[in-house]
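Visitor: Could you build the full structure based on these sequences and the hints that come with them?
Residue numbers (the working numbering), protein chains in the order written: chain A, 1 to 268; chain B, 1001 to 1260.
Among these hints, one or two may not hold up.
The calculated DSS-like cross-link candidates involving lysine-lysine, where the alpha carbons are at most 27 Å apart (straight line), are [unchecked claim]:
(1) K1028(B) x K56(A)
(2) K1028(B) x K83(A)
(3) K83(A) x K1039(B)
(4) K75(A) x K1079(B)
Think of the hints as simulated: they come from the structure by calculation, not from any bench.
Computed from a predicted structure; not experimentally measured.
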Amino acid sequence: MPEALIRVENVSFAHNDHVIFDNISLNIEQGKITAIMGPSGTGKTTLLRLLTGQLKPSSGHVYFGKQCITTMSRKELYKTRRKMGMLFQNGALFTHLTAYENVAFPLREHTKLSESMIRDVVLLKLEAVGLRGARDLYPNELSGGMARRVALARAIALDPMLILYDEPFTGQDPILMGVLVKLIKELNDILELTSVIVSHDVPETASIADTIYVLAGGDVVGAGDPQKLVADDNPHVRQFMHGLADGVVPFHYPAPDFMADLLSSEGE
Amino acid sequence: MIAFVQRVGRVGLSICTELGSASFFLSKSVWRKPRSGQKLHLLAHTLFNSGVLSLPIIIVSALFIGMVVGLQGFNILNKFSVTSELGQMVALSVVRELGPVVTALLFAGRAGSALTAEIGLMKATEQLDAMEMMGVDPLGRIMLPRLLGGFISLPLLTIIFCAIAIWGGDLIGVRWLGVDAGAFWSNMQSSVDFRLDVINGIIKSAVFGVVITWMAVYQGASAIPTAEGISHATTRTVVYSSLIVLGLDFVLTAMMMGGW
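Guide: Here it is, written out as structure tokens:
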């Protein structure tokens, strides 16, 4: 069994008295694609932010390799983050820089490479996502899918060990979805990365993930490879993996009885 | 009655929290060191954005304010037949008060609001998060150069404002209304003290520069990341910094006149 790159141990997290995670543990294995899935509002993005140390858990620990993300100093945390790349939902490209400068940004910040070396690295990364020709465009001239690919090139600019994807497939047309699925898989295998995908797009994610964790109600309700989860009979997992409209996650937001509500005197 | 006390308490507490977190934010930003090679480049960029781009509005307003002070001053002084003192009147009112305060108000409207909107949008589009994830500290990279930029550019703008306003007074008083040029300039020269008037004005504007950019940057960074949140933050920047500038101007003037 490959070693775990990230270990989440007994983590609880609450935001304004609202408990989001209650004592969860999970492992992200080196070299694999791990997906964190679940309906909207279950704290998938929050979990991602706990992994990167942007949020601190109220109890429990997150380990990156042998280091504990939870207790390290700000300086160490910034140093550790150079080993992580993150693809934000909408790319989060710097709007005042061209695609080329966006990819060059982390290199200029963290390395003392010469301008010609930076150029080589940037072109290499842009070539990997197929956008070498778009290097002089500004983010507002790129389509949503292109922006996400440039952001991916930027995320891998420093050759990270780990790359985190926040909802990479949301709002993409089928062609781009296919492109992204292929890119994530290829980058993971060729660059020997470890990937974490946070998503609620079941078929796309299931097609490339090695391990899937399904979150619901602040807990990990299902874990395992995609085939196992599709066959899983936990009601949460079944409703999510098969996209059923009503189940343990009710269609209705909690409300008083409909008839009583209609007949009530409120609003008269 | 109790409800009223509760409301006062709540407002008081929220003001204190806001002030506290703004101060914390300022002290955190000031101690961050951006990488040495980039410091100058980043500073030059913000100096251009908040300083050079504010020049047109500063120059035009200075000219008109100088002309109005010249005109009003001439009419008042004419009653006492001392129009030869016009130079002194224009120079003192501009250098001591109008220059620092009006420049600061214009700066808050022009550069402060732009800063808040820029940083608020960067936050809304996750650019600040992205920067943090790349191991680059947004406080050092974004906030610090902007604070420094305000601290440097507002005094410079104030000096330009004063020079142009005095020239505007000269234009009206001497060229148009016929005050003797020699009296205009020599009275000004003998009554304006470099240390007490000019330097104090510049000190005021440096303080205003820090306060305005601090407000703008803090409001941007703490804005709720929606269209509405950013518009509120921009409004707050202009309103708060204008009020603080006017209030601080009184305090600073009182301190300077008290012989500090």
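Visitor: Each hint should be assessed against the structure and marked as holding or not.
Guide: Going down the list of hints, with the structure as the test:
Simply put, K1028(B) and K56(A) have alpha-carbon atoms about 19 Å apart, close enough for the 27 Å limit, and the pair holds. Straight-line distance between C-alpha atoms of K1028(B) and K83(A) comes to about 25 Å, which keeps the hinted pair within the 27 Å bound. Our distance criterion of 27 Å between C-alpha atoms is met by K83(A) and K1039(B), whose separation comes to about 25 Å. Restraint check for K75(A) and K1079(B): not satisfied, since their Cα atoms lie roughly 69 Å apart, outside the 27 Å limit.
Hint check: a violation occurs at hint 4 only; the rest are consistent with the structure.
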